[in-house]
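**Student:** Chain by chain, the residues:
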Amino acid sequence: MIRATSRGFLWLGIAVILFLPVHAMGQPQVENCVACHQSLPDERLAGPAKLFSGDIHAVKGFGCVSCHGGDASDTEMSAMNPAKGYIGKPTGTKIVDVCGRCHSDARFMRQYNPALRVDQVTEYYTSVHGRRLKEQKDSKVATCASCHKPHSIKAPSDPRSSVHPLHVADTCGSCHANAEYMATYKIPTDQLANYKKSVHWRMMANKGDLSAPTCNDCHGNHGAAPPGISWVGNVCGQCHAVNGELFSKSRHSQVFVQMGIPGCATCHDNHQILETSDELIGTREKAVCTRCHTAEDRGGKSAAAMRAMIDSLRQEYDKAHSILLKAGHAGMEVSQPEFDLNEAKTALVKARAAIHAFSVVTLKKEIDPGLQVSAKAYAGGLKALEELGFRRKWLAVSAVIILALIVGLVLKIRQMESAQKSSEKEKV
Amino acid sequence: MAEGTLKQFIERRNFLNWFLGTTAGAFVFSVLYPLSRYLTPPPVAESTARSVTLSLKPKEVKANSGQIFRFGSQPGILVRTQTGELKAFSAACTHLACIVQYRSDISHIWCACHNGHFDLNGKNIEGPPPKALEEYAVNVRADQIVVSKKV
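Those protein sequence lines, which keep their order, are chains A and B. Okay, so the first sequence: first residue is 0 according to numbering that gives the first Met the number 0, each after it adds one. Okay, so the second sequence: first residue is 0 according to numbering that gives the first Met the number 0, each after it adds one.
Hints in this document: simulated from the structure, not taken from any laboratory. For glycine and all other residues, C-beta sits at the position ideal for the given N, C-alpha and C. Just so you know, not all the hints are guaranteed correct.
[Unchecked claim] Once the Cα atoms are required to be at most 25 angstroms apart in a straight line, the calculated SDA-like pairs of lysine to any residue come out as:
(1) B:K6 x A:G236
(2) B:K122 x A:D208
(3) A:K248 x A:D296
(4) B:K122 x A:P158
(5) A:K206 x B:Q73
(6) A:K411 x B:F14
(7) B:K122 x A:K248
(8) B:K122 x A:L209
(9) A:K206 x B:K149
(10) B:K130 x A:N233
(11) B:K130 x A:D296
(12) B:K130 x B:K148
(13) A:K136 x A:N233
[Claimed, not checked] A short list of chain B residues far from chain A (calculated; beta carbon distances all over 10 angstroms):
(14) S50
(15) S64
(16) T80
(17) D104
(18) I105
(19) D118
[What the hints assert, rightly or not] If you only want the chain B side, here are some residues facing chain A, beta carbon under 10 angstroms, derived:
(20) R12
(21) L19
(22) T21
(23) F28
(24) S29
(25) A62
(26) F70
(27) H94
(28) G115
(29) P129
(30) N138
(31) A141
Only chain A is shown next, with the shape it has when bound in the complex (with noise of 0.2 angstroms):
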């Protein structure tokens, strides 16, 4: 009975390691190609072995064979040989195999990273490096460790990474910025330098937001394609969600569409997204609308009137924030008009996105109680500066009155004193 339990227990142990997958070796490996290969004189064979230890593959317990295949065991040559599953440098879709072999295996990624996606492969032959090297057998065109810099890959979120938030940019445009690399495509090498010069890259850049927009917020990353002209607008709706959704109610939405020209991209162009102002809506020097409109259509006429009304309430908030300043410097209390003018300030900004449904009447919905705040505030100001004028005039005034009465004293003791001095000399 026992023997028959311990036949069966030996069984099910071999049964389960033939029928491991090669992947489930997470385990710490012997690890004799790292041995070998980092004291090879050809920094071809050596820098891998050197770079890998930092790998997150590495630190997770995976070793060169998880991915190369072979023997890691074996300290000879034979290690690599084919039977025993070696595969050498994989290239091409075989890259996309290999990878995929243990990232899209949602029970296996569960045991290292539960929240990690595991479609990659599956978005990334959508997009159009995937369909190119699947389709056209373009070997040019990036794959997983492209971007992901082999032995050296780490989490997105380590400023080491190639596809941290602050990086992915460059890693982009190791292909696409080059010029000479990119000339078979045909497609511009400037996004890089564009997107440069960009608020988005000026906000992650200088100001430290990992939150704005990089290369593969707007084009996907394994998916990567470039936004189609119907739905740009749902791309930078993403983060400008009111703004996308004005847009898209508005009638430019549709004529955009039946001109063939993008969304959002029309007016603020695509990689080198400027920082906007109140110059770009109207039909005077700078403002976008002109590149539809004349100032004597219709449109140039609403263009015209919406930036007169953003003007006076951006002059109106200046005005009232400038006399509140003004007054709080001199030292009056002020804070509750200054609190008020928040108001005005948010009346601003929302009309300013307002700008985008296009009329008139919506924008000034947002525009007159904008301009009551700012009346109100400013009243506050003023109030406080005659406040201030009226303490000015009577600390005058009260000084006056006390050098008066000091001067009064003065003589009213010498008077004094006269007067006792002719008493005592009539006495006398």
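Chain B: place on chain A using the hints.
**Tutor:** Same frame as chain A, now just chain B:
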């Protein structure tokens, strides 16, 4: 003393007495007026740079609601969570400083300007705000809510 000189002396004394009386009266007024102005309470409660006592009573703030209050010249938002906890944050959105509001339907602090969302720890969770709202300390003393900046 000659008669003319005495008359002059008396006139001068009378003028001097009148002058002294008037200036002394004006002096007393110039002291009392600012004092009375100082003692008259301002129309709105002032807050110090670091803390403010709200005009709201704890019972008046219902669960799953939020209210804007004045913290100096800046807006603050007081939120009572669904579990009854009182929390306070700066109400100036970290994106473009619009005044945020409480959305009871999703229990988020929300900025209407660009659809920025913050959770009830003040953390920016959706939309363009680049960072969390500054959180203030809330203390309930008897029937008063005191909000103060955290050190």
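**Student:** Could you run down the list of hints and mark each one as holding or not?
**Tutor:** Do the hints match the structure? See the list:
For the hint linking K6 (chain B) to G236 (chain A), the alpha-carbon distance of about 96 angstroms lies beyond 25 angstroms, and the restraint is violated. Restraint check for K122 (chain B) and D208 (chain A): the C-alpha separation of about 14 angstroms stays at or below 25 angstroms, so the hint holds. For the hint pairing K248 (chain A) with D296 (chain A), the CA-to-CA distance comes to about 22 angstroms; that is within 25 angstroms, so the pair holds. Taking the CA atoms of K122 (chain B) and P158 (chain A), the gap is near 22 angstroms; set against the 25 angstroms cutoff, the hint holds.
This hinted pair checks out: K206 (chain A) and Q73 (chain B) have alpha carbons roughly 23 angstroms apart, not beyond 25 angstroms. A hinted pair counts as satisfied when its Cα atoms are at most 25 angstroms apart, and K411 (chain A) with F14 (chain B) qualifies at roughly 10 angstroms. For the given pair, K122 (chain B) sits about 30 angstroms from K248 (chain A) by alpha-carbon distance, which is inconsistent with the 25 angstroms threshold. With a C-alpha separation of about 15 angstroms, the suggested pairing of K122 (chain B) with L209 (chain A) holds against the 25 angstroms cut-off.
For the hint linking K206 (chain A) to K149 (chain B), the alpha-carbon distance of about 24 angstroms falls within 25 angstroms, and the restraint holds. Distance hint between K130 (chain B) and N233 (chain A) is fulfilled; the C-alpha atoms sit about 23 angstroms from each other, no more than 25 angstroms. Using a Cα cut-off of 25 angstroms, the hinted pair K130 (chain B) and D296 (chain A) is violated, with the two alpha carbons roughly 43 angstroms apart. For the suggested pair K130 (chain B) and K148 (chain B), the alpha carbons sit about 18 angstroms apart, so the restraint of at most 25 angstroms is met.
Our distance criterion of 25 angstroms between C-alpha atoms is broken by K136 (chain A) and N233 (chain A), whose separation comes to about 32 angstroms. Chain A leaves S50 (chain B) outside its interface by the beta-carbon criterion, the shortest separation being 14 angstroms against a cut-off of 10 angstroms. Distance check on S64 (chain B): its Cβ is at least 20 angstroms (rounded) from any Cβ of chain A, clearing the 10 angstroms threshold; non-interface status holds. Separation of T80 (chain B) from chain A is adequate, the least Cβ-Cβ distance of about 24 angstroms exceeding the 10 angstroms criterion.
Against the 10 angstroms criterion, D104 (chain B) stays outside the reach of chain A, whose nearest CB is about 16 angstroms from its own CB. The claim that I105 (chain B) is not at the interface with chain A holds, since no C-beta of that chain comes within 10 angstroms of its own (minimum 14 angstroms). Every CB of chain A is more than 10 angstroms from the CB of D118 (chain B) (nearest about 15 angstroms), matching its label as outside the interface. Annotation: R12 (chain B) was flagged as interfacial toward chain A, and the flag holds, the nearest CB pair being 6 angstroms apart, inside 10 angstroms.
Checking L19 (chain B) against chain A by beta carbon gives a least distance of about 4 angstroms; that is within 10 angstroms, so the hint holds. Because the closest C-beta pair between T21 (chain B) and chain A is about 8 angstroms apart, less than 10 angstroms, the hint holds. Annotation: F28 (chain B) was flagged as interfacial toward chain A, and the flag holds, the nearest CB pair being 8 angstroms apart, inside 10 angstroms. With a cut of 10 angstroms, the hint placing S29 (chain B) at the interface with chain A holds, because the nearest CB-to-CB distance is about 4 angstroms.
Given hint, A62 (chain B) at the interface with chain A, is violated; its Cβ is 26 angstroms from that chain's nearest Cβ, farther than 10 angstroms. Among the interface hints, the one on F70 (chain B) holds; its C-beta lies about 8 angstroms from the nearest C-beta in chain A, closer than the 10 angstroms criterion. The interface hint given for H94 (chain B) is met, as the beta carbon of that residue sits about 9 angstroms from the closest beta carbon of chain A, less than 10 angstroms. A distance limit of 10 angstroms between C-beta atoms decides the matter here; for G115 (chain B) the minimum to chain A is near 9 angstroms, and the interface restraint holds.
With a least beta-carbon distance of about 4 angstroms to chain A, the hint placing P129 (chain B) at the interface is held under the 10 angstroms criterion. Because the smallest distance between the Cβ of N138 (chain B) and any Cβ of chain A comes to about 22 angstroms, over 10 angstroms, the interface hint for this residue is violated. A cut of 10 angstroms between beta carbons decides the hint on A141 (chain B): the least distance to chain A is about 26 angstroms, and the hint is violated.
The structure does not agree with the numbered hints 1, 7, 11, 13, 25, 30, 31 stated previously, though it agrees with the rest.
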